[in-house]
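Going down the list, the sequences are from chains A and B.
With the numbering used here applied, the first sequence corresponds to residues 1 to 572, in that order.
With the numbering used here applied, the second sequence corresponds to residues 1 to 303, in that order.
No lab work stands behind these hints: they were computed from the structure.
Errors might be hidden in some of the hints.
Pairs of lysine-lysine residues, derived as DSSO-like cross-links and limited to a Cα-Cα distance of at most 27 Å, are as follows [what the hints assert, rightly or not]:
| id | chain 1 | residue 1 | chain 2 | residue 2 |
| --- | --- | --- | --- | --- |
| 1 | B | K140 | A | K75 |
| 2 | A | K54 | B | K169 |
| 3 | A | K197 | A | K314 |
| 4 | A | K300 | A | K314 |
| 5 | A | K75 | A | K186 |
| 6 | A | K54 | A | K196 |
| 7 | A | K198 | A | K309 |
| 8 | A | K232 | A | K314 |
| 9 | A | K108 | A | K149 |
| 10 | B | K65 | A | K75 |
| 11 | A | K527 | B | K89 |
| 12 | B | K139 | A | K108 |
| 13 | A | K315 | A | K192 |
| 14 | A | K395 | A | K176 |
| 15 | B | K123 | A | K523 |
| 16 | B | K212 | B | K274 |
| 17 | B | K65 | A | K395 |
| 18 | B | K65 | A | K523 |
| 19 | A | K527 | B | K123 |
| 20 | B | K139 | A | K523 |
| 21 | A | K395 | B | K62 |
| 22 | A | K527 | B | K65 |
| 23 | B | K62 | A | K527 |
| 24 | A | K455 | A | K176 |
| 25 | A | K314 | A | K208 |
| 26 | A | K455 | B | K65 |
| 27 | A | K208 | A | K386 |
| 28 | A | K516 | B | K89 |
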Amino acid sequence: MQVIYRQKVLQEIEELMAIYGDDRSSLLPILHAMQDRYQYIPDRIIQTVAHALKIHPAEVEAVVSFYSFFETREKLGKYVIRLCQTISCDMKGKHNVARQLQNELGIKFGETTRDGMFTLRYTNCLGLCDQGPAMLVNERLFAHATPDKAQRIIEECKRDFIRSEFPWTVPSILRKTGPLLNNGTKLNVGLKTALKKKSKDIIEVLRKSGLKGRGGAGFPTAFKWQLATDDKSEQKYVVCNADEGEPGTFKDRFLLYEHTDVILDGITIGAYAIGANQGFIYLRTEYRYMLEYLEAALEKRRQEGLLGKGILCKKGFDFDIQIRLGAGAYVCGEETALIESLEGERGEPRNRPPFPVDTGFFGRPTIVNNVETFAAVALILAKGAKWFADHGTDKSRGTKLFSISGDCERPGIYEFAFGTTINELLKEVGAEDAKAVQIGGASGLCISRNDFDRKLSFEDLSSGGSVIIFGPECNMLDVARNFCDFFIEESCGQCTPCRIGNMKIREGITLLEKGKCSSSYLKELVKLSDTMHLACKCGLGQSSGNAFTTIMGGFREEILGQVLSASGGKVS
Amino acid sequence: MPKVTIDGIEVEVTDGLTILWAARKAGVEIPTYCYYPWFPPQGSCRICLVEVEAMMRGELVKMPKLQIACATPISDGMVIHTNNETVVKARRAVMEMLLLHHPLDCPVCDQAGECDLQDYGYKYGWPVGHNSHERRTYKKTDYGEKIAKEMNRCIHCRRCIRLSEEYLKVHHIGALNRGDHLEIGSYVEAEVPSEWAGNLIDVCPVGCLTDKKMRFSIRAWDLDHVPAYRPDCKHGCKCLLGISKGKIYRVTARFDKYHVMKSLICDECRFEHKNMDDWVIEEDDINTPLKKKIMKVPETDDA
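Only chain B is shown next, with the shape it has when bound in the complex (with noise of 0.2 Å):
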C-alpha cells in the first residue's frame, strides 16, 4: 500500500484513492465544494487546492501547478502540503472570489448556520477584501413549489446539476451561458419533476437551494435533529427531523460527519408530514455524528 505523506503525518492507503480521502484519513481537513463523493470529481470550485509533491524517477518533485485534492490520485511517496503559504494565498484568493459576487445576506437565509460557505470563509477566508464593483445578479427563477431558488446565492458547483443527471435521472437542470454570466437553470423555468426533487435541497452546499416550506420560520441553529423514520413510506427513507419545541419545521436527509447525504428521501417525508404522529423516532443512530450535538429529546410521549 502506498505511503504518503500530508502535513507532516505519515499515513499509508489503499491504492487510486485522492488525496482527499488520504487527508481525511490522516486527519487534515481539505474544503471542498464541487467534490460530492457521489459523484466522479468536477474539479471546478478549486478551494481544494493542496501542493504536491511527487516521486519521479526515484526524485522528489514539485510539481509545477497546485493540484485539486479532489480528483489527483495519490502514487507511493508523495509529499502534499494543505497549509503551507501558497496553498493558503490560492484558498484565500478562491474563498475571496467566491464571496465577491455573493450577496452576503446570511442574516435572511435559511442556510445560515449549516453553510459550508460560512464555515469555510471563517476558516480560511481573510478579513481584507476589496470590492467596487457592482455584484452580478441574475434575474429570478424558481423551482416550483417546495424548493425556493435564490440564484444571486449560487458558487457554481454543479452539485445539483449531477445529482439530477445521475441519480434522479431528469435532466431539467442544466448550466446555461458562459463565463461570468454562467447561470445554473432549468429548462423553460420548470418545476423538477421528481419525487426526489427536495434532495437538491440537501446536496447544494450553499444557500441557493432552500426549504420553501421552512423558509424564515427557524434559524437552522434552533433545530434539535433527530432521526426518524415514517412506517408509512413506500420507500422506507431515513430521515432527519428539525425540532424545536415539540414541531418539525423540517426533514432532512441524514449526514456524515463530511456532510454529505448518507441516503436520498422522498419528497413525501421532506415536504408533506410535519406532524410528529406520522414519525417514529430512532433511538440512537450509532452512525449519525450529528449525536455528538446535544440532543433533546422532544417533549411529545407520542415517539
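One chain only, chain A, in its complex shape (with noise of 0.2 Å):
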C-alpha cells in the first residue's frame, strides 16, 4: 500500500501554491493534483490541504465531496474509465457496451478491480454526441465504442497504450459551415482593430452587431461589457465559460481545440474593452486532454506579445489567461456557480441580484461569456458589425454552430443562420422521418412534429447549439427518464424544488413505466415542473422540468399508452 507522508504532500502543496496563490481560490487546482498523484483524496490529505490554506478540512471535505471527479473513499484504479450515459450515447447501444465492460473487468460500475488497474464509472456527457458511445480513459478518448472495441481498449490499458491502434485524441465532425467559420480573416485581426478603438467604440461595434450570448439564455453582450465597463472597480475579470456540460453539445470541444486563437482573441479583446487585467478559461475537466494544447497556445501568445504586459505594444494594457479546470458539475456552466467554483468554493449558485458584471470573481466586476460568443466577437471586429448582422433574423443576429447528435444520417457541427426552421435543419442532416427534436439539450424543449416548422432563434428556440433527434423507435419515456436523472444527478441540491421536485418528477417516470399512474396524477406532476420553472434558483433548476413537461405535452398518447399495454389492458 501507498504510504502518504504529510510532510511530502506538504511539500508538494506548497510547490502548486506557488503556481495558483495562496488564496482560497488555489483549491480545486491542488485538489486535481492530489487526485492525480494519490488516485483519490483521503482524510490525510484533506487535513494537509486544509492546513496549507488555512481553512478547515470541513470546507475542503465539503468541496471534495460536491465534484464528481474527487473521490474520498478508495483508491481509484490505474485506468479509470468513465462511460457516457446521456441521451445520445444512450440510443446508439451504451448499454451494450456497458454490459460487456462489467464482463470484462468483473466489477459493477462505481467499483474498482481488486488489483487496482481499473474503476468504472458512468459521467454525464464527453461532449462526443455525434460519434457516441463515448468513452474516456483517464485522458483519452474513444467515439464509437462497441463490445469488442471496449475489450479491446482494455487489453491495451494492460499494456499502457503501447503501439496503440486507438489515434490520441478524437477530431470532431464538421458537416457545415458558413460564415463565422468560413470567415477568411487572417489571425489576430480583430484583436489588432479592437486595440485601435477606444473601449466605447469596441462596444457599440458588438452593439451595432446585434450580438447575443451563445450559451444559451440570450443576453446581449454589449450590454453586459457596458455594466461592467461603467463600474469603476480598479480590478476586473474576464472568464470564458468552457464548461460545456450540456448534453448533446460538443461545439465549443470543436472551437477550443480548431479556432483557439480566435477564442483567445476575443477574451483579450474583452478584457480591453472592460479595462480587466485578468482572464480565466473555465475548462470542463472532461476536457482535460485539451489542458495542453491550450496553455502550449497561451504561452506561444505570451511569448508574441499578444497576453502579457503592453499586450501588441499598447501601454497600460496588461492581460494574462489562466486555464482552470471543473471537476465534474453541470451546474458549473451557470455562471454565478461558476465563479464560487472558481473561488475554490462548492459550485452552487448565488442569488441574481448581485449579477457578476458588478460583483463577481472575488467581489469584482466579472464578464462570463460563452466560448462561442468570444470566437464571435473576434471576428465581429475583424470584419465589421454589418457583416454579422446580415445574417440572422431581426432580433437573433448572425449565424450559430449547432452540435447535432441523435437519429440521424450525418450528425455533427454545422453552422446555421437564426431563423432556421427545423424541417430545414433536418433535411440537411438527414433526418426527415424524425419523431422529434430536443432542443437545448437535457434543460431545452422537446419538439414534436406538429411544430417542426419552428425557428431556431432567440424569440422561438432559444438553445446553447445543442439538437438532439430521435428517430420513429425511440421510447420517449426513455428519453424523459434519462433526462430526469441527469438532472437529480447534478443538482447542486441547495435549492428545495430542484433538490426535490426532480426525485418526484422521477418517481413519476416510475409509475409511469409501470403503468400505475392516473392521468390526473401526470397532470398534476406537469403542472409540478412548471412551479419549478417559476420556482428555482438558478437556470438548472428553472429549466430542469422542460424536457418533461414538452415530452408528456407532445406524446401523451403514447406514453399513455405505454401505460395500458404495461398493465395489460385492465385498471387497477
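Make the complex out of the two chains shown on their own, each in a separate frame, by following the hints.
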C-alpha cells in the first residue's frame, strides 16, 4: 500500500500554491493534482490541504464531496474508464458496451478491480454525442465504442497504450460551415482592430452587430460588457465559460481545438473593453486532454506579445489568461456557480442580483461569456458589425454553431443562420423521419412533429446549440427518464424545488413505466415542473422540468398507451 | 423614500430594504426558512417567493419569474403579491417538497409546538400529498454530548452552517455531497468545539438540532417561558428559562417576534444550570414579545 507522508504532501501543495496563489481559489487545482498523484483524496490529504490553505478540513471536504471527479473513499484504479450515459450515447448502444465492460472486468459500475487497475464509472456527456457511445479512459477519448472495441481498449490499458491502434484523440466532425467558420480573416486581425479603438467604440460595434450570448440564455453581449465597463473597480475579470456540460453540445470542444486563437483574441478584446487584467478559461475536466494544447497556445501568445504586459505594444494594457479546470459538475456552467467554483467553493449558484458584472469573482466585476461568444466578438471586430448583422433574424443576429446528434444520417457540427426551421435542419442532416427533436439539451424543449416549422432563434427556440434527434423507434419515456436522472445527479441540492422536485418527477416516470400513473397525477406532475420553472434559484433548476413537460405534452398518447399495455389493459 | 404596494397595502420604506421587511412593515406575513437576519440572504429554501411587478421606464412590468422576498430589494412603485394564485401554488409545492422527505415524527419530536415546519405547513401547506417512494434517510451522526442531531428532519436551510462560520467562528459544519444526497455534516463527526455551540439548537427552525439534555422530558407547550439571567455568567447571557412546575427543563436564548434570537447565550448557561437558585428572574422584559403568552411566575420564592 502506498503510504502518504504528510510532509511530502505539504511540500507538493506549497509548490502548487506558488503557481496558483495562496488563496482559496487555488483549492481546486491543488485537489486535481492530489487526485492525480494519489488517485484519491483521503482524510490525510484533506487535512494537509486545509492546513496549507488555512481553512478548516470541513470546508475542503465540502468541496471535495461536491465534485464528481474527486474521490474520497477508495483509491481509484490506474485507469478510470468513464462511459457517457447521456441520451445520445444511450441511443447508440451504450447498454451493450456497459454490459461488456462489466463482464470483462468483473466489476460493476462505481467499483474498482481488486488489482487496482481499473475503475468503472458513468459520467455525463463527454462532448462526443455525434460519435457515441463515448468513453473516456483517464485522458484518452474513444468514440463509437462497441462491446468488441471496449474489450480491445481494456487490453490496451493493460499494456499502457504502447503501440496503440487508436488515435490519441477524436477529431470533431464539421459538416456545414457558414460565414462564422468561413470567415477568411487572418489571425489576430480582430484583436488588432480592437486595440486601435476605444472601449466604448468596441461596445458600440457589438451593439450594432446585435450579438447575443451563445451559451443559450441570449443576453446581449454589448449590454453585459457595458455594465462591467461602467463599474469603476480597479480589478476586473474576464471568464471564458468552457464548461460545456449540456448533453448534446460539442461545438465548444471543436472551437477550442480548431479556432483557439480566435477565442483567445475574443477574450483579450473583452479584457481590453472592460479594463480587466486577468482572465480565466474555465475548462470542464472532461476536456482535460485539451489542457496541454491550450497551455501551449497561451504560452505561444505570451511570446508573441499577445498576452502579458503591454499587449501589441499598447501601453498600460496588461492581461493574462489562466486555465482552471472544473471537476465534473454540470451546474458550474451557470455563471454564478462557475465563479463560486473558481473561488474554490462548492459550485452552488448565487442569488441574482447582484449580477457578476458588478459582483463577480471575489466581489469584483466579472464578465462570463461562452466560448462561441468570444469567437464571434473577435470576428465581428475583424469584419464589422454589418457582416454579422446581415445574417439571422431581427432579434437574433448572426449565425450559430449547432451540435447535432441522435438518429440522423449526418450528425456533427453545423453552422446555421438564426431563423432556420427545424424542418430545414432535419433535411440538411438527413433525418426527415424524425419523431421529435430536443432543442437545447436536457434543459431544453422537446419538439414534436407538429411544431417542426418552428425556428431556431432566441425569440422562438433558444438554445446553446444542442440538437438531439429522436427517430421513429425511440421510446420517449426513456428519454424523459434519462434527462430526469441527469438532473438528479447534477442538481447542486441547494434549493428545495430542484433538489426534491426532480426526485418526484422521476418517481412519476417510474409509475408511468409500471403503468400505474393516473392521468390526473400526470397532470399534477406537469404542474409541478411548471412550478419548478417559476420557483428554482438558478437556470438549472428552472429548466430541469422543461423536457418532462414538453415530452408529456407532445407524446401523451404514446406514453399513456404504454401505460395501458404495461398494465395489460386492466385498470388496477 | 420609495413607496411599495404589498397585497394592496401601501407602505413607505427605507431605500435598500428587501421585500420581506417591507411586507413585515405592512403587516403581511411571508414565511421564511433559510432567511435569518443575522446572515446575508441565501435564497435556497424558496418558501418566501412572491410575485413582483416593478416599474421599468415608467411602466409596471411583471417579472417573469417569482422572486424571493428575502433577497430582492424594493424599488419605488413596486407592486408585490404575496397571496395570489401563482404564489400560493408555488409555496404549496415548496411546502409539500419540504415535507416529502421529512419523517413527520412530530409526536416524538422535541421541536413540536414551536416548529416552523409545523406552523407553515399548517398555514400554507396543502392537505393532499402524493408519496409513493421511499423517504431519503441518512446515516445517524451526532454533534456530541449536548446537541442531538436528527438529520432526517433537516430541511437544508443551512442556518447552522452560517451561524457557526460567521458568529461562532468554527468551520466544523458544512454541506457535504450534492443533489438529493446533500447532507449537513461535521468533519469526522466531531463535536462542535465552541462554548457557544448550543446556539445551533436555537437557530435551527426544525427538529434537526435539539437539546439533548431536555430530550423526551417535556413537551414545549407545557413550558412557561421566563426571562432570566445568571449573575455568575461571565458573558452576561440573557436567557429564557423553560419552566414547568418550578423545574427548569431548558434554557434558550430570547427571541423576537419573528423567532430570531436576540443574542447568543453560552453553553454553560444553556446546559449546566438547571437549578432555580442560579438564576435571577427578570421582572418583565418589555422587549420580549413572548410576554403575550401567559407567563406564570414560578412557585419557588427564591427568585
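Now the hints, each set against the structure:
For a cut-off of 27 Å, the pair hint linking B/K140 to A/K75 stands: about 25 Å separates their Cα positions. The straight-line distance between the Cα atoms of A/K54 and B/K169 is roughly 13 Å, inside the 27 Å bound, and the hint therefore holds. Between A/K197 and A/K314 the CA atoms are separated by roughly 11 Å; this keeps the pair inside 27 Å, and the hint holds. Annotation: proposed proximity of A/K300 to A/K314 holds, straight-line Cα distance about 18 Å (limit 27 Å).
Between A/K75 and A/K186, the direct Cα distance comes to roughly 49 Å. Violation of the 27 Å bound is thereby established for this hinted pair. As the CA atoms of A/K54 and A/K196 are separated by approximately 45 Å, the hinted pair breaks the 27 Å bound. The hinted pair formed by A/K198 and A/K309 meets the criterion: a straight-line CA distance of about 19 Å does not exceed 27 Å. For the proposed pair A/K232 and A/K314, the alpha carbon gap of about 21 Å is at most 27 Å, so the pair holds.
Pair hint A/K108 plus A/K149 holds up; C-alpha atoms about 19 Å apart against a cutoff of 27 Å. For the proposed pair B/K65 and A/K75, the alpha carbon gap of about 44 Å is over 27 Å, so the pair is violated. Between A/K527 and B/K89, the direct Cα distance comes to roughly 9 Å. Compliance with the 27 Å bound is thereby established for this hinted pair. The hinted pair formed by B/K139 and A/K108 meets the criterion: a straight-line CA distance of about 24 Å does not exceed 27 Å.
In summary, the hint linking A/K315 to A/K192 is supported, as the alpha carbons are separated by about 14 Å, within the 27 Å threshold. Under the criterion of a C-alpha separation no larger than 27 Å, the hint pairing A/K395 with A/K176 is consistent with the structure, at around 23 Å. Note on B/K123 and A/K523: the hinted pairing holds, with a Cα-Cα distance of about 25 Å set against a maximum of 27 Å. With a C-alpha separation of about 14 Å, the suggested pairing of B/K212 with B/K274 holds against the 27 Å cut-off.
Of the supplied pair hints, the one linking B/K65 and A/K395 holds, its CA atoms being roughly 22 Å apart against a limit of 27 Å. For a cut-off of 27 Å, the pair hint linking B/K65 to A/K523 stands: about 21 Å separates their Cα positions. Proximity of A/K527 to B/K123 is assessed by CA-CA distance (about 21 Å); at most 27 Å being required, the pair is judged to hold. Between the alpha carbons of B/K139 and A/K523 the distance comes to roughly 35 Å, so the proposed pair goes past 27 Å and is violated.
Taking the CA atoms of A/K395 and B/K62, the gap is about 22 Å. The hint holds against a cut of 27 Å. Between A/K527 and B/K65 the alpha-carbon distance is near 15 Å, which keeps this suggested pair within the 27 Å criterion. Note on B/K62 and A/K527: the hinted pairing holds, with a Cα-Cα distance of about 21 Å set against a maximum of 27 Å. Pair hint A/K455 plus A/K176 holds up; C-alpha atoms about 18 Å apart against a cutoff of 27 Å.
A distance of roughly 26 Å separates the Cα atoms of A/K314 and A/K208; the hinted pair therefore holds under the 27 Å criterion. For the hint linking A/K455 to B/K65, the alpha-carbon distance of about 24 Å falls within 27 Å, and the restraint holds. A hinted pair counts as satisfied when its Cα atoms are at most 27 Å apart, and A/K208 with A/K386 qualifies at roughly 8 Å. Taken as a hint, the A/K516 and B/K89 pair is honoured in the structure, with Cα atoms around 25 Å apart against an allowance of 27 Å.
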